Structure formats: structure tokens, C-alpha cells
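Guided by the hints, dock chain B onto chain A, whose structure is given.
Number of protein chains: 2
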Amino acid sequence: MSRYTSMEHLRFLLFEIHGVQDLFAYDYFSHLDNEQVAMMIDAAKALADRDMYPYFKEMDEQPVHYAGKGVVWSHPQLRTIILNAAAQSWIGGESSFDLGGLQLPQMVYNAAHHIFQAANNGTQGYISLTTGAARLIQNYGSPEQISTFVPPMFEGRWQGTMALTEPQAGSSLTDITTVATPTDAGYYQIKGQKIFISAGEHSACDNFVHLTLARIAGAPPGLKGVSLFIIPKHRPVTGGELEYNDVFCAGDYQKLGQRAYATTHLVFGEQDDCRGWLVGEPNKGLSYMFQLMNEARIGVGQTAASVSMAAYQASLQYARERSQGRKVGEKDPLKPPVPIIQHPDVQRMLLTQKSIVEGALSLAMECNRLADLAHVAEGAEQRRNWLLLEILTPIVKTYSAEQGNRSTSLAIQVLGGYGYTMDFPVQQYYRDLRIMAIYEGTTGIQSLDLLGRKMTMENGEALIQLAQYMGITISAAAAHPALQEHAAILQSELDRFGKTLQQLVKYAQAGEMERYLADASVFMEMAGYVVIAWQWLKMAVAAQKALDSGDFSAQSKSFYEGKVHTMKFFFRYELPHAAACAKILLEPGQLTMLEEDGLLD
Amino acid sequence: MSRYTSMEHLRFLLFEIHGVQDLFAYDYFSHLDNEQVAMMIDAAKALADRDMYPYFKEMDEQPVHYAGKGVVWSHPQLRTIILNAAAQSWIGGESSFDLGGLQLPQMVYNAAHHIFQAANNGTQGYISLTTGAARLIQNYGSPEQISTFVPPMFEGRWQGTMALTEPQAGSSLTDITTVATPTDAGYYQIKGQKIFISAGEHSACDNFVHLTLARIAGAPPGLKGVSLFIIPKHRPVTGGELEYNDVFCAGDYQKLGQRAYATTHLVFGEQDDCRGWLVGEPNKGLSYMFQLMNEARIGVGQTAASVSMAAYQASLQYARERSQGRKVGEKDPLKPPVPIIQHPDVQRMLLTQKSIVEGALSLAMECNRLADLAHVAEGAEQRRNWLLLEILTPIVKTYSAEQGNRSTSLAIQVLGGYGYTMDFPVQQYYRDLRIMAIYEGTTGIQSLDLLGRKMTMENGEALIQLAQYMGITISAAAAHPALQEHAAILQSELDRFGKTLQQLVKYAQAGEMERYLADASVFMEMAGYVVIAWQWLKMAVAAQKALDSGDFSAQSKSFYEGKVHTMKFFFRYELPHAAACAKILLEPGQLTMLEEDGLLD
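For the record, the sequence lines run as chains A and B.
Going by my numbering, the first sequence opens with residue 150, and the numbers climb by one from there.
Going by my numbering, the second sequence opens with residue 150, and the numbers climb by one from there.
Think of the hints as simulated: they come from the structure by calculation, not from any bench.
Hints are supplied without guarantee of correctness; some may be wrong.
Note: identical chains are not told apart, hence a pair may lie in one copy or across any two.
Stated by the list, open to error - Cross-link-like lysine-lysine pairs, in silico, PhoX-like; alpha carbons within 20 Å at most: (1) K433 with K373; (2) K373 with K484; (3) K484 with K218; (4) K340 with K694; (5) K373 with K476; (6) K340 with K648; (7) K694 with K480; (8) K732 with K476; (9) K648 with K480; (10) K480 with K373.
The model shown is predicted, which means the values in this text are computed figures rather than measured ones.
If we strip away everything but chain A, and leave its shape as in the complex, we get (with noise of 0.2 Å):
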């Protein structure tokens, strides 16, 4: 079977670099151990290899597609890998004891997706979308909500979705439609219209219970006026039997990747009998549907970064085992060619796949360990670790999906001609990637949200939080005479995103908050830069004290020696086009506020 993760660099992210065993001295997770965590993610990479990878390129070439009649058929092997997943817990497992669950950390739970995401990205969504909505439903939900929806689905036999957009709103959720009716029976009848409904319907799934937004007649307009709804597909009546609850599936969508994973139309209430559970309070639906919503992007962020592992270890091997042309020099025609791995130019394009897909994973997993400990530790320390994660959390999800893009692309030019062939899986990648700039959130909403909201919350605090979280790899890095360039380097490029910053506000100060907010997705291109070097810096320090210890026990020398190799190259290859952001920021003036869009034509 061919490499799709690496299992080496997954175990350095959770042990030596983010520390999952600082989490098992928190009472929730004082259960735990390192071998028990080891243990479960070999499982899952067995599990992946088994159910998941083999099927990848099948599931791609026979898409889940609307059969008609509101079915949607869905490859046989999908229920075989929701129901396997579940069956291991990789649905319920980080749900609390009591609720049924292993109480595993986002850490533990999100090293396995990573597998799965790099196995099949196509099918993982339909888990861990599943987990989202029944942990908003035990966060927020009644007791009874709670026995009723969540068991079925940890169990992988109910599907879990989130129906947010609708035909006429986009992302703009301000101008939600569906219309809940209040009933004096204790549910809301439903009516309207989601779309791009992942998940929404399949053949692997027995029920479906959809968390949707809709407005309680009467409630304010916009935001405010937004409230949560359980509307399962099949409705539970007395005796546990299951009634058809009037959603019904018009259509799906044919997709440029994900082939494997439904988009669909769902339609609530055509025959007026469509029932629907208040979860939480009336209008209270969007700052519920947040939670899911962060978690997703994280989700999103990671996902993205595995599927561009998956592409930069199909291209590693490649250029391993495939020989053409010569060195530089190398003037003799009968001399046997080389394998191409060793053209500088190859190198570059593997290594720049190596800075984007192992920083961008190192990001992810960081903010799995924020989302952990903003969950079990309290006071000051749950507020701090709640701000890093509120303010990387749009820089994960951007970085890893911009950034994949090129990464994944890196990885079809590295194959050359076969790379663009169907017979080879880089293309799938390419394709698949290319959703995850656009999914919950696009990247303009993402900078919005970095640039408009992140930055300035709790008058900047979350901010200064990070400048003191990185000072302190900063100041690792720098007690290393070998690292002590790359402190210095990170050090000025934090000096200049803040100057930078600053520069901004000042049109937000004055007012002018849409000219502040122009260029929100190059200051995020300058903030993923940023951050990443950060990533790499801590990974390098990790590596530089095994390296000078002589210690190799966890990984071998040329392991480490990588990492610290990779982030020179990140340093060099990458940091640089921070610069030209902060350039482009800090120019008066500004191009795209045009009133008259005839100049585009």
C-alpha cells in the first residue's frame, strides 16, 4: 500500500512537540496514558488502511449521486467505514463517560481523523460531521434530546448534519428564510429550503437528524432573530419506531472533488408536516451553531493539510522511484539517468510541499491541544488557551486550505504528465483540496473574521496572547546557537505583522472600517506566514535538542534532522513574501472600492 501519512511526524505533532501527556494531568483525561494513545491511533491507521484507502479512488470515480425520489446512492463501502469508525469511537469517543463516551481529547480524536482524512477525505466528513451535531446537541440540547438523537449516532447508524445555507442567503445567514411555526405539541412546524447540505442524504445511514437555522415566526430580523433546530429526517415516535418526518432530498450536487461526500437540497415541511425540536433558547440558534461552526473550520484547516500530505507523500515516492535526466554537468548521454529526487528543482517542490503540509498539521494539532485545555482548565488559563484558539482558528483553516492548493498543485507538477493522468491519485488531491478554501466560511469570510473581529477582541487581548505564546518558542529557539538566526528572523517578522497592525487600525480608529478591512485576506496571507515559521520554529527546537542529546530514541537522526532542515527551507522559500504583504497593507490608498464596476471590464 502506498504511503499516505506519516505516522513518524503524527506521534512527534502529539508527543514531542504539542504534548498530549500535559493533558493527561487534568482529572477529565487522568484516565489516559501515551501507550493507550499510540495504541488507538495505530488502530485507526489500521482501520484506514483497511476500509478507507483501498476505496479512495473508487469512491472518487463512482460519486455518491441523487438517484431520484429523494434517494441518494452512496457507495456500499460507506456504511462498511461509518459503522467501523463508530464501532472504534471515532464518533463518541471524546464525549464524557457519562454521556457514553472515552472522554479522549480533540488531540487523540482529531490524530485519528488526521488518518482518515489523509486515507479518504471524502468519507471522514460524514464522522466527524456526526460528532459535531451530537456535541451541540449534548452541549445545548434537553435530556430527552440527548437519550433520543445522540446514541444512534455515536453508534454510526444516524447521520449528523448542519443545514446553514440557503438558495437565496450564501454565507450571509443574516437572511435565513426557514420559518419554524410553534405548535402547542412541544415542536415547531417547518418550512423551507437548505442547500449545500453535506451529508444531507446517503444510503449509509438509517436517519438523518439535521441541526438547522431557522426563524420562529415573529422573531427579529437578521442575526438575532436565528434560532437552533433538531429536524430529523424520520421522526421517533412512542414505541421507538421511526415516522417519515417531511425532509426530503431534491437534489444533490456533482462536485470538482469530494466525489465520495453528498451535497445535497433539502427540502423541510412540503407537505406541511414537518416537525422540528427547539434546541437551547429562541433566537439563540447562531452562538450554538458557532460552537459546531469553529470546531468545523479547525476541522476544515486539518483536513485540508491531510489531504496535502496525502499528495506530498504520492509525490515523494515518485520522485523517488522514477529515474530521468541527469545532473547538472552531466554531459555524458550514456551515463544511466537519476532518479529525480535528486534535481535541485524537485527538492524545492517537495520541500515547499513539506513546510505547508507538516507546518499546517503542527497548527491544527496546536489548536486541538487550545480547544482541549479551554475545555478542562479553568480561570486564567482556560480564558488564555480560549483566546489562542479564537485567534488561530481562521488562520488554520485559510492557511491550510490557500496554501494546500499550491501544495497539492506542487504535487501533480512533481509527476509531471502522469501527475495530470487519472492513473495517478495526485489530481484527485488537487481536486479534493480545492473545497476547503470555500467550505464554512470562505477565505474573504475568514479574514474578515481574523482581521475584523480576532484582532481586535477583548481590546487585542487575544493578540498579545500569542505574541507571548510565540515569544516563548521565540526564546527557546534563541538558547540554541544553531536556531538562534531563525528566532531572531521570527522576532522582527512578529515585529513587523504588529507595526503592521497598528498601521490598519488606524483606519478602523477613523471609521473608515471598510477600507480597514479592504485587504483583511493579504494581512491573512501575512499572518499564515507568520504563524507557520512559528510552528516550524517549535518544531525545530524540539528537533535541535534531540539532535544535541543525541537522543533518538522517539525518531531517528535524519528525522530530526529534516525538521530542522525543512524549517531553514521555510524561512527561506516562504517567510520572505510576508514582507511583500506588509507591503501592500501599509500603501495609501486603495484599489478595490471601486463604485463603478465598469473598470473591471
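This is chain B only, laid out in the frame that chain A set:
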């Protein structure tokens, strides 16, 4: 019908920027005038509107494919397209009168082909490949070869191809092993296999003329032993009959994009009855082929620009029609949503595309003009234009392909979730475009050509000529108060480029050729920014002149304002990345000449 290119921009390039009318002063082109050219281009547009664009999606969904026993199925419309394009002289039109052509400039031929590329890129290649193959026969073939093969090619009945790549050799033409054994009958017996042969077999033509690189039995090893042969699928025999020539199509490649364009695997001489006719002298095949190859490289660059143009137009139209969200600061959810083109981030994505697409197309047209002048001019003028063409060829190919990936990706992003569905064409443009950085020499190969050959050729004279040529534009811009600032910026970027090269050349002078060339792709990226900035300044000078004079007889005022605006956008948002490239290139040491690839694990 949706708009897939800007005829205004095309006419602006032809008549206002690159002055096709200048060519009419040369005898060879003196039969032409502007009106004729404009009419021909309009006729090409009508043909593309009728025969090509309406089939763009359908030919992707019903791809050309191997149907067994040597047969490749192609969409029935393909024959119509080829025959009608041939009838309108878009295969043979650039040929001289005495050979049955219309003596059209490359500029005119390629203006029409730009329209075809934008309308249906997967079919345009069939036509241009036959054009190039026919010209190669005209230039180096015998009178008999010309009279036998060229006329049916001009009529679109016979397909021309170029057959270089072999399974074991890939980009490395040194390693070609197809053998040509001389006979006493004036032909050679051919035996060998070729892969990735575009248009190598399909159902729309009656015969195939493969211009094939092979090694005459006993020829010296390497490139010096490669000869060029005409190998028809069916060989003409006395009486005008055709006889099967043992050229068998053994299969095809299904690809990520360009699914209307056949990519085939050919076997010559499986039954020992394949005859080839030597073109020109033995062992000079590569130099002949490079004439076609250089044209094909410009053609690929132009195709990339054209496909990106079509994607840009699709996303521009969508951005005007789709309403979503409100302006920053608008808090009232009852106010209607605005067209997304009003959002600065959408304008940024559109202007990024426009600046890439129109800049790249301008550079392609610059190259077409240089090719025309290199053809008809004499002495120093001829040489100067040839040198400029040599240095710009790898740049136009690579800039358009690499930045085209970004540009078409932004087109998807403008459409959001819809852009990822098969219901909209932007995903097809994205897929089609991805091959352009691989066709006719990958980006890595082009970059080695630019830095390793073109920069130093004739003692660096090509670069000197380019700098002087750019200097004309800079001086012209400096004369306009509105453009002085940008003239100075381009001059300083040009200086930075020159200094960067000087530093790099030191490695070459010290004999460290591998180090010299290791970052050739980064050098290429830098060259692209600088050269496209020059094209934009050139366009801005013409536009500013029109704005100053108030003469809007050729184009509207907002059209010219759009050019100046987009120039400013390119200088602000794209050009700063050239400095980042310089920083990367000037770093001492190297990170991509690893001898131990274990570091990449």
C-alpha cells in the same frame, strides 16, 4: 451566450498596444490592412460562438476516449470544428501565398486562436498542432514531402502531431530510443513507442502525420543523434490511395482536464511495416523540432492566458448578478443584499485575475509580434527581435501557466460553493489550465532554459535588448505625470532583477552550475512579475494617452480607466512579490541539493 473573452481587449492589444499595422510596412504583409484584420477576427469570433463554445461543457462530459482496437472516439462536433476552422484559414492562413496560405501574421493567426482557446481550449489544440506540424514540413521538408502532406493538413482532413516523449525518457529527449533503419527505397523502417501524443488518434480526421523524433540506427548517443521523421498513420501510395502504415494507437490517457483533447500512446512498427521519411538532414531533428517547440511554448502560454480569461469573464459576470451580504457597516438586516461585486474582497479577486489574464495575453501578443518581425525584418532588426523572442518565450509560457492556476482558482472562489459544482464552468477552466505548466516543457525545464541558456546567450545580449526595450516603455511612462511613479518603480525592479542575476552568475563563473541553477524556478517567478509589470505599464501609457486626449473613438473612457487602474493594482498587489523572490535568490548557502533524501521523510 456567456462572454468568454474581451474582444475590446483583444483589439486594444492588436491595434493600440502591439501595432499589428506596423507589420503591413513589410512587403510580406503589405496586402493587409486594419479593417481586414478586424473582419477576420470577428469572423473567428462568430465561428467560435457557433461551433466551439456551445460544445465546451459537453465535450468535457463526453471526453475523447480509447474505444479499443486502435480507435479513439471523439465528439462528432470535433470534425465540424476542424473543417470549419480550416475553411476559414485558421490552419494554413499564416503560410505564404505560394504554399496556398494567406500570409497572415502570427499576431492575426493567434488573435483568432486566442478566441478559440477561450471558447473551447480542448479543441483548439487540434488545429494549432496541425498548423505547426505543417509549417515544420514546409520549412525543412522536401518539395515532395510538402506537396504530399501539407495540402490535406491545411484542409483539416489530416491531423499533424509532434511525437517526442517516450515512456522511459519523459522530458529527457537525450534518452529517445525509437529507431529508424534506413532502406534503399527512400524511407526508413521505424520501430518504437511514443506516449502523451496529443491528437495522436481520433475520429475527426482521415489521416495522421506524426512528426517524430527517432534515432537512425548507429547514430551517436544523446541529442546529437536525434533525427526528425514524417510518419503518417496511412502512407500515400501511387494513385493517391492510402495504405496502413503500422502506426497503432495502443491506448489513451484520461486526464484531469482538456478532456476533449486526445492524449495517446502510439506504437510504430509493431508489424515491422512502419515507414518514416527523414525531414532535412540526419541528426538535426532536435534543432528542427525546436522551431515547432518554441512556437508551441508561446502557444501554451497564450492558451493559459486565454483559459484564464474565460474563467475571469465567467466570474465577473457572476459577481455582477449574484447578490449576497451587505456593505461593511450596514447593520440593517432589512436592507436588501448587494451584488457581491461591491465587496472589496471580490474586487480584489477580480482585479487579481484581470491583471494576470490581460497582462499575460499582452505578453503573448508581444511574442507573436516579435515572431512576425523576426520573420520579415532583416539584419540587426531581425536579430534583435529574435533575441527578445528567445528570452521571452519561457517567461510567457511559465507566467501564464503558473499564475493561470491562481487566476482560475480565484474564479472558483468568486463563485463560492457554486464554483465547486459541475454546474458552472469555472471548475473546468481550473482543470483544463493545470496542464499548461507541464506541456512542452515543465516549469522546471523552462526555468533552466531561462536562467541557464537565455540569460547568458550571446554574452547576455538578449537580456540587454530586453532591458533596452523595457526602457522605451519606462521613458514613455515617465513622460506622463500620472505614470511617473510607476515608471520609477519598474525601473527599480528592473535594476533589482539585474543585480540579482549578477550575484547568481558568480556561481556559474565559479563553475558551480548546479548551485547557479538550483533556484531557477524562483528566478523565473521574479522575471514573470517584472515582465508583466512592463506589459501593464505599456498598456497604461496607451490608455493614459487616450484619457489625456479625450479620444474615445476606439474604446470607451471606462475601458481606458480600467487599464490604468489594473496597472496600479498589479504594481501594488503582485509586483512586491518580486522583492521576496530576490531575497530568496540572494541568500547564501543552499537547501535543495540534498544528497540524502531521508530528510524528506
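State the violated hints by number, sorted upward, taking the hints as numbered earlier in the document.
Hints 3, 4, 6, 7, 8, 9 contradicted; others consistent.
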